[in-house]
Amino acid sequence: SAVISQKPSRDICQRGTSLTIQCQVDSQVTMMFWYRQQPGQSLTLIATANQGSEATYESGFVIDKFPISRPNLTFSTLTVSNMSPEDSSIYLCSARGGLRSTEQFFGPGTRLTVL
Amino acid sequence: DAKTTQPPSMDCAEGRAANLPCNHSTISGNEYVYWYRQIHSQGPQYIIHGLKNNETNEMASLIITEDRKSSTLILPHATLRDTAVYYCIDKLIFGTGTRLQVFP
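In order, the protein sequences belong to chains D and W.
For the first sequence, the numbering used here begins at 1 and goes up steadily by one.
For the second sequence, the numbering used here begins at 1 and goes up steadily by one.
Just so you know, not all the hints are guaranteed correct.
[Said to hold, decoys possible] Selected chain D positions facing chain W (Cβ under 7 Å, derived; list incomplete): (1) Gln38; (2) Gly40; (3) Leu43; (4) Gly60; (5) Phe75; (6) Ser89; (7) Thr102; (8) Phe105; (9) Pro108; (10) Val114; (11) Leu115.
For the record, the hints were derived by calculation from the structure and aren't laboratory data.
Backbone N, C-alpha and C define an ideal beta-carbon position, used for all residues, glycine too.
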């Protein structure tokens with residue numbers, strides 16, 4: 001199985017600032033995704049990170065608020081911009097399409113608190 | 001839009017089989033059904049996935065109906081450590097999940 005790591009694991013940020021979360025996969029994958037999980041709730045898909053092109057965002061999420069990069073087949077970043085307390089959540093990276101190409105795995109998540 | 005429906009909670013006695021159902025009536029012909037579980041807000045743990053045929057691995061079995069509109073995850077001998085929230089997903093979309101409580 002692919003191993004996914006995220007940095008930072010947690011952070012406390014001030015309102016109006018931005019935070020960039022890094023996601024590293026230990027092997028090449030075709031697809032990477034970003035999810036958000038608010039306290040006590042299920043996971044919500046933010047976007048699909050596309051290598052070499054703009055990310056594909058789900059309804060309710062926009063590039064200006066959540067810019068995403070994917071420079072290669074093992075790495076992606078998600079930035080949470082101009083944060084407000086409503087952005088407090090766990091942000092999870094996911095990847096699919098490695099050696100066992102249809103399996104999909106998740107990282108441990110980044111716990112973000114905005115004051 | 002993709003949507004999965006699962007019972008909000010289930011109980012299971014330790015050592016017994018836990019059968020967790022999921023309806024995914026919006027699934028398209030080439031989409032896999034994936035199952036995950038999540039413990040204490042850790043990242044979701046992959047369990048199993050399937051397309052049309054039943055699947056089995058070291059963790060669980062997955063039974064998919066012929067019309068692919070529903071599936072059942074089977075944990076053959078549940079242990080206390082299997083207590084978690086179980087999610088089936090369709091087209092990358094998570095439902096609300098089933099909170100499985102395994103009791104002694």
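For each hint, the structure was consulted:
A cut of 7 Å between beta carbons decides the hint on Gln38 (chain D): the least distance to chain W is about 11 Å, and the hint is violated. Taking 7 Å as the C-beta cut-off, the interface hint given for Gly40 (chain D) is violated, the closest approach to chain W being about 9 Å. For Leu43 (chain D), the shortest C-beta to C-beta distance to chain W is roughly 4 Å, which falls under 7 Å, so the interface hint holds. With 7 Å as the threshold, the beta carbon of Gly60 (chain D) stays out of range of chain W, its nearest partner Cβ sitting at about 12 Å, so the hint is violated.
Because the beta carbon of Phe75 (chain D) sits about 17 Å from the nearest beta carbon in chain W, more than 7 Å, this interface hint is broken. For Ser89 (chain D), the shortest C-beta to C-beta distance to chain W is roughly 11 Å, which exceeds 7 Å, and the interface hint is violated. Contact between Thr102 (chain D) and chain W, as hinted, is supported at the beta carbon level, the nearest pair being about 6 Å apart and thus within 7 Å. Interface hint at Phe105 (chain D): satisfied, since its Cβ lies 5 Å from the closest Cβ of chain W, which is below the 7 Å cut-off.
Annotation: interface hint on Pro108 (chain D) holds; nearest CB of chain W at approximately 5 Å, less than 7 Å. Interface hint at Val114 (chain D): violated, since its Cβ lies 17 Å from the closest Cβ of chain W, which is beyond the 7 Å cut-off. A least Cβ separation of about 20 Å between Leu115 (chain D) and chain W goes past the 7 Å threshold, and the interface hint is therefore violated.
Hint check: violations occur at hints 1, 2, 4, 5, 6, 10 and 11; the rest are consistent with the structure.
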